[in-house]
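Each chain, written out:
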Amino acid sequence: MKSSVITFPGSNCDRDMDVALKKFGFNNKMVWHNDNELPKSDLVVLPGGFSYGDYLRCGSMASKSKIMQSVINFAKSGGLVLGICNGFQILVETGLVPGVLLRNKYLEFICKNVFVKLDNKDNPYFKNIDKDIFELHIAHNEGNYFCTDDQLKEIKDNNQVAIYYSNNKGQIDEISNPNGSIKNIAGIFNKEKNVLGMMPHPERMIDQSLSGEDGSIFFKNLIKNIK
Amino acid sequence: MLVNEKIAIEHGLKTDEYKKICELLKRTPNFTELGIFSAMWNEHCSYKSSRLHLKKLPTKGKKVIQGPGENAGIIDIEDGDAIVFKIESHNHPSFIEPYQGAATGVGGIMRDVFTMGARPIANLNSIHFGSTQHKKTKNLLRGVVQGIGGYGNCMGVPTIAGQTSFDRSYNGNILVNAMTLGLVKKDKIFYSKAAGLNKPVIYVGSKTGRDGIHGASMASASFDEKIEEKKPTVQVGDPFTEKLLLEACLELMAGDSIIAIQDMGAAGLTSSSIEMASKGNLGIEINLDKVPCRETKMTPYEIMLSESQERMLIILENGKEDLAKKIFDKWNLDFAVIGKTTNTKNIELYFENKVVANIPVNTLVENSPMYDRKWKKSKLPKKNKIKKEIYNEIKIKDVLKKILSNPNVCSKEWIWQQYDHTVMGDTIQKPGGDAGVVRVHGTNKAVAASVDSSAVYCWAHPLTGGKQVVVESWRNLISVGATPIAITNCLNFGSPENEDNMGEFVECVQGIGEASKYLNFPVVSGNVSFYNQTKEIGIKPTPSIGGVGLIKDYKKMITMNLKEVNNLILIIGKTEGHIDQSLFARTILDESKGPPPEVNLFNEKNNGESLLNLIDKDLVKSAHDVSLGGIITAISKMCIKGNKGIKLMTPKNLINKTEYLFAEDQGRYIIEINPEDLKEVSKILSKDSVHYEELGVIIDNEMIINEKTKVTIDELKSYNSNWLYNYMDS
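Listed in order, the protein sequences are those of chains Z and H.
Quick note on numbering that gives the first Met the number 0: the first sequence kicks off at 0 and runs consecutively.
Quick note on numbering that gives the first Met the number 0: the second sequence kicks off at 0 and runs consecutively.
The hints are simulated quantities; they were obtained by calculation from the structure and are not laboratory data.
C-beta atoms are modelled at their ideal positions from N, C-alpha and C, and glycine is treated no differently.
Nothing false has been slipped in among the hints.
In silico DSS-like cross-links for lysine-lysine, where the CA-CA straight-line distance does not exceed 30 Å:
id	chain 1	residue 1	chain 2	residue 2
1	Z	Lys39	H	Lys329
2	H	Lys716	H	Lys394
3	H	Lys401	Z	Lys111
4	H	Lys185	H	Lys551
5	Z	Lys116	H	Lys562
6	Z	Lys65	H	Lys325
7	H	Lys646	H	Lys709
8	H	Lys640	Z	Lys104
9	H	Lys135	Z	Lys104
10	H	Lys651	H	Lys592
11	H	Lys401	H	Lys716
12	H	Lys329	Z	Lys65
Facing chain H, a subset of chain Z residues (Cβ under 10 Å, in silico):
id	residue
13	Pro8
14	Cys12
15	Val18
16	Ala19
17	Asn33
18	Gly47
19	Gly52
20	Phe108
21	Ile109
22	Lys111
23	His136
24	Ala138
25	His139
26	Arg203
27	Ser210
Derived list of chain H stretches under chain Z, where covered just means 3 residues or more per stretch with a C-beta under 8 Å from a C-beta of chain Z:
id	segment
28	235-245
29	413-424
Start from the sequences, fold in the hints, and give me the full structure.
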């Protein structure tokens with residue numbers, strides 16, 4: 000299975016994602032933001048970091064970068080595009096997934112483990128996964144997901160919510176919401192479910208010695224689904 | 000502008016220093032030259048008051064690849080790998096502008112590390128604020144934490160450990176010390192020593208602006224009412240550009256184009272060019288018209304003294320300019336050939352086709368002033384006589400609550416949750432433990448690092464305090480299963496021109512030296528920050544020690560979380576009941592006199608090495624060193640982290656139970672072992688002549704101190720976890 004990780008000049012989770020993808024069997028290539036063309040890929044990942052410094056709205060400059068036109072075309076033709084953290088911020092800026100990501104409610108960067116509940120397994124990312132509640136890691140300053148009422152209705156009608164922040168029992172409550180995201184939304188699909196943006200970092204949870212291993216389950220399942 | 004003595008004094012120089020400059024040059028310096036002298040001869044760059052004493056520190060060892068004198072120290076961690084590390088202060092700017100001051104402190108220390116060819120793999124920090132009641136404290140804390148996070152998070156380097164304290168002596172002068180560890184291959188280390196004639200001198204990174212002019216001079220003066228006027232001397236950080244600079248430099252370093260490289264830190268282009276020339280015993284010629292400037296009409300004086308961030312100076316091999324330029328173009332960074340190395344041994348500056356400065360390099364470096372300042376020796380204070388009856392009135396549970404929620408003991412989660420501590424995917428011990436631990440990527444090795452200081456002990460008796468900080472660092476590394484290798488120090492003191500403050504410095508350095516020599520734990524890098532004072536009053540002497548150790552097999556790393564019910568808890572090291580200068584004495588008895596706990600280096604070494612042996616034999620399930628707040632504080636933290644309780648045993652020795660629980664005797668660790676291993680463990684400890692006692696047994700859910708006193712783990716958590724959150728919300 001072939002994957003590509005896009006490296007923007009300020010990406011800083013690109014190596015971690017490369018390590019994770021390779022660990023679970025992907026043949027991964029790093030792709031420079033200034034390139035025009037994507038290599039042949041089964042999965043394209045927009046990694047975490049600060050793409051172009053993010054002194055403007057996070058991800059807004061990255062969404063206009065050279066390689067993104069190819070990524071957008073790839074997504075529109077049904078290719079799998081996964082955006083993590085800054086990658087999610089870039090995805091909302093391209094309009095591939097709806098909504099925006101605002102600054103965290105308490106105006107502070109947050110780095111910690113959270114629980115998320117899967118909402119929808121009818122998609123290439125979570126199909127066949129034998130777990131509903133995941134412990135994952137977040138590290139962001141702008142992860143406060145927001146959308147209009149109309150967008151929210153459409154998102155719900157189309158089953159586009161991928162994961163919600165929850166407690167360890169899967170209850171979606173305010174106390175489990177780390178950043179003020181509307182309805183505790185932590186990750187979201189496009190209508191067709193081939194594009195997924197989420198704030199948590201599964202690539203930081205891929206071995207026992209790290210914060211946990213639930214990221215491994217995500218990647219193992221993903222490569223199985225692609226095969 | 001014509002230069003005279005008055006202008007020299009305005010630059011922070013003393014009359015006799017100005018005279019010496021005129022003598023050395025055999026003429027009056029021009030304005031640009033005066034600026035260069037003032038930048039090179041201030042305390043921050045010249046170490047004029049400290050050099051004499053720093054020479055006495057042990058800096059060599061089998062594992063030391065590079066000691067002090069370079070951008071950072073380097074130690075060998077085997078298999079061709081090395082760790083580059085250093086700690087540095089950014090105190091004055093952080094008080095004036097906490098976000099930018101702290102951010103650029105982090106940026107500066109990371110540059111020191113990647114200048115040497117190392118990729119930064121971990122950041123740490125030691126930050127000290129005024130009383131929690133002081134009106135500025137909350138905003139300063141918030142700003143500093145956000146600044147440290149803002150820079151480190153964007154760089155993608157995990158912040159894995161730190162230390163935060165509050166003390167009213169920092170009310171008008173906070174401390175922000177930042178430390179970075181980088182990983183490099185032993186045969187790919189880069190140094191700042193220039194070599195060869197007519198080699199191109201390259202400027203890369205951000206453009207030069209008017210920010211930070213005279214920053215180093217500001218850092219070499221005391222604060223007064225006019226401090227707010229100094230805001231323009233604080234630099235503004237751009238972590239994104241630094242990330243580009245890091246990647247571009249490492250890309251260029253992969254080849255063989257670089258002869259020498261030096262970041263532009265304090266005193267910017269001035270100190271970087273002069274240091275490179277000085278180390279290479281060469282001259283350097285710079286055409287200032289070629290320096291990329293952010294603002295128009297910058298004068299030679301401003302260009303030379305700007306402390307704009309994210310800039311590097313490189314001496315390249317001839318003919319490699321195009322190759323290097325291509326890399327910096329790729330990363331969208333400025334690149335300019337601004338000069339060349341010469342055989343004149345002078346620094347020659349040209350601007351608009353005129354010579355604007357011409358100074359022999361040795362006058363700026365070797366001939367810089369060095370002072371043997373007067374200093375006062377401190378006597379060891381007499382022991383307090385504490386009436387034992389006081390203890391009868393004390394309810395241990397109330398005291399425990401006060402101590403665990405004390406600002407200097409409480410959980411600092413509010414702080415470290417704002418730092419990305421897991422990026423790079425190798426953090427195996429997060430902040431909140433005895434030391435942070437990161438794996439050496441792709442290997443079985445891990446590196447542990449801790450940063451410590453004990454200003455109260457140093458204030459009570461500088462010599463003992465200096466030793467204590469080093470042994471605490473040593474213990475913190477051992478507690479996670481790491482073999483301590485070397486330290487870096489950041490020496491934060493008041494004015495060297497004050498005999499008391501200078502005495503604190505001299506004796507703390509002596510204590511650090513004695514301990515590091517005895518433990519074979521050499522000092523490989525560091526920085527001195529004097530003039531931490533407002534008007535006449537200096538801060539408590541605060542040397543921060545950053546220790547680094549190696550864990551050969553990261554699966555053997557130890558954490559402090561209690562692991563299993565029915566396991567035994569031992570305390571290693573003898574408890575004598577030293578209460579003076581303890582947190583208990585200060586917060587419960589309201590007593591600030593007396594000596595700090597004695598440091599017995601033999602015991603420290605012996606106990607530590609014996610514990611490492613136990614860890615190596617897989618006999619230790621959890622461990623934690625005993626420091627501030629004594630045994631009960633240490634075991635409470637182990638309970639909280641492991642979500643387990645303990646039934647404490649009555650101590651067999653005769654000292655008072657309260658003293659037993661709260662004393663801050665040194666050289667002690669609490670460890671958890673499997674009861675089946677007790678025989679083997681006691682055999683090893685006895686053989687090594689290490690004193691130990693059984694402290695208790697792990698149980699569920701509560702800490703049983705005695706039959707009458709029980710505390711649930713949830714209560715312990717609420718004492719410890721909430722204080723800082725509540726404080727920041729209030």
